[in-house]
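Build out the structure end to end from the sequences listed, making use of the hints.
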Amino acid sequence: MDVNELRKNAKVELDGHPYVVTDFQFVKPGKGQGLYKCKLKNMITGAVLDRTWRSGERLDAANVESKRMQFLFATADGFTFMDNESYEQVELTADLVGDDKFYLLDQLDVDVLFYNNRPVGVSLPSHVIMDIVECEPSVKGDTATNVTKSATVQTGLSVQVPLFIKEGERVKIDTRTGAYVERVNT
Amino acid sequence: MIRGRPPLSIPARVLAWDAALAAVRSELRGSGLAEVVTPVRLAAVAIEPFIEPIAAPPGLLATSPELPMKRLLCHGAPSCFQIAPCFRAGEVGDLHREELHLIEWYRLHADTPALRLDVERVVTAVFEAVASVLSEPGLPEPPRRWTQVGMLDLVDETLGVKLRGDEAPDELAAALRPVSAALGDPLATVPHARLAPHPRAHALAAWTAFFSAWCDARLDPWLHEHEGEGTHLVEFPLALAALSAPGSRTGSSSHAPCVAHRFESHVHGRELANGYRELRDPDEQRLRFEAVNALRVALDLPRLPIDEAFLADLHAPGLPPCAGVALGLDRLVLLASGRDRLGDVAIELGRPRRS
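Protein sequences, first through last, are from chains F and A.
Quick note: the first sequence uses the working numbering, first residue 1, plus one each step.
Quick note: the second sequence uses the working numbering, first residue 187, plus one each step.
Mixed in with the good hints, there may be bad ones.
[Claimed, not checked] As a list, the in silico DSS-like pairs of lysine-lysine whose alpha-carbon atoms are at most 30 Å apart:
(1) F:Lys166 x A:Lys348
(2) A:Lys348 x F:Lys172
(3) F:Lys39 x F:Lys101
(4) F:Lys67 x F:Lys101
(5) F:Lys101 x F:Lys172
(6) F:Lys8 x F:Lys41
Hints in this document: simulated from the structure, not taken from any laboratory.
Given the structure is predicted, the values throughout are model-derived calculations rather than measurements.
Okay, here's the thing in structure tokens:
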């Protein structure tokens, strides 16, 4: 592709990795070369970098697409997802899923990212609702509002929750930060 | 200056543009220029390596009204101005739109200092006119003073590199070596091998790459330090003469021409206008157009048609001695309105929203 096709959210290939343009600025002296100043995010690792292209340069578009899929099950080797329409299944290795595994609830809908038709990562919903399977008991009389305690949810993820949360309750967790958001009444 | 103002409402845009257009006409007509309109669809444009015309078969949409207006002058027209719709493909950003309006004017038997004074008067008039109709507190003031600085002097001041203005690409590369990394290695993208048989195109490529990187890395920060002022950048290197006449550097002991009678005007850190003592030599003009095309071919860009009718008019009847300048009206309205993006002031209604 030509650099003048660069826009926010354009997907380009750099050193064999797919990147998405997260910020984009076009500057150009009237009679000079245009500069395309981009902030880019590696779509697999999440690493960010700055890169400037100049008019006349060419670059490769990244062949990426994302598909809405459902998490089915985990094995020793990886995680299996299913396309809800075609029932096609794909497996991602554990290292590609990384710490996202702590949010993979049974039947959770996620976006699976394909690069050159190979699954390379998942994109989680921003929040998930999880069950507290283990936490310290509440202490009566401790009313400070900013005090928290450790709790564990069914995937093994450890989160800091307010003191009033009890085992068996459901909580909303922000998947981007791993932080407790609120108690969910069922 | 207050930043982050919301986009102008549609009625405010109409008022601001109405005030700006009236102020421009009042200034330029008032100083003896006739207003003209020239065709927007042209057989050929003033070709540039990095300005892409938009096709409008069987011609091209004007990227500027320069050549049709100069042809009028060749055929006896008086000093004149135009507020011209222009089109440049792919220029999209906060300060760029594919469709823009240039105020372009030419003064016969005049030189660039007269045009710089014109620019200052037009800028001040539009700032005052727009402020008077928008009635918002804290709108930007017109530049409180204007300064003039030689481009190569400013390169020396901001980079510590002394250049004459006529260095060949290898000489330019050697001079820039100590600062090349700070500029992002601009000459690395020049297709040196493909341009070796075309010395003019090679010089154009090297100087344009250096100039563009310097503008971003050094000129813009320098201009921001001088926020509130107007700056005329003068005495451009010969390779960046565009359509201006060659000349010699003021204060230079050498009489050999190594700079061009070209200036750029910047207001509140934004490039606003570009002016020339106009080149009148048809043979030199043809060589410059051909150099642009040679560079375009080396960059795998399409060759653009050369305006043979314009070149013929430069031969006979010939272009009288004159100076001309183009000023971006959209950016001027933007600056006077205290906004940050051209889309905040453009008179253009978006697409209907889907319900």
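Each hint, compared with the structure:
1. The hinted pair formed by Lys166 of chain F and Lys348 of chain A fails the criterion: a straight-line CA distance of about 73 Å is larger than 30 Å.
2. For a cut-off of 30 Å, the pair hint linking Lys348 of chain A to Lys172 of chain F is broken: about 63 Å separates their Cα positions.
3. For the hint linking Lys39 of chain F to Lys101 of chain F, the alpha-carbon distance of about 27 Å falls within 30 Å, and the restraint holds.
4. A C-alpha spacing of about 18 Å is found between Lys67 of chain F and Lys101 of chain F, which places the hinted pair at or below 30 Å, so the restraint holds.
5. With a CA separation close to 16 Å, the supplied pair Lys101 of chain F and Lys172 of chain F stays within the 30 Å bound.
6. Proximity of Lys8 of chain F to Lys41 of chain F is assessed by CA-CA distance (about 11 Å); at most 30 Å being required, the pair is judged to hold.
When the structure is compared with the earlier hints, violations turn up for hints 1 and 2 and for no others.
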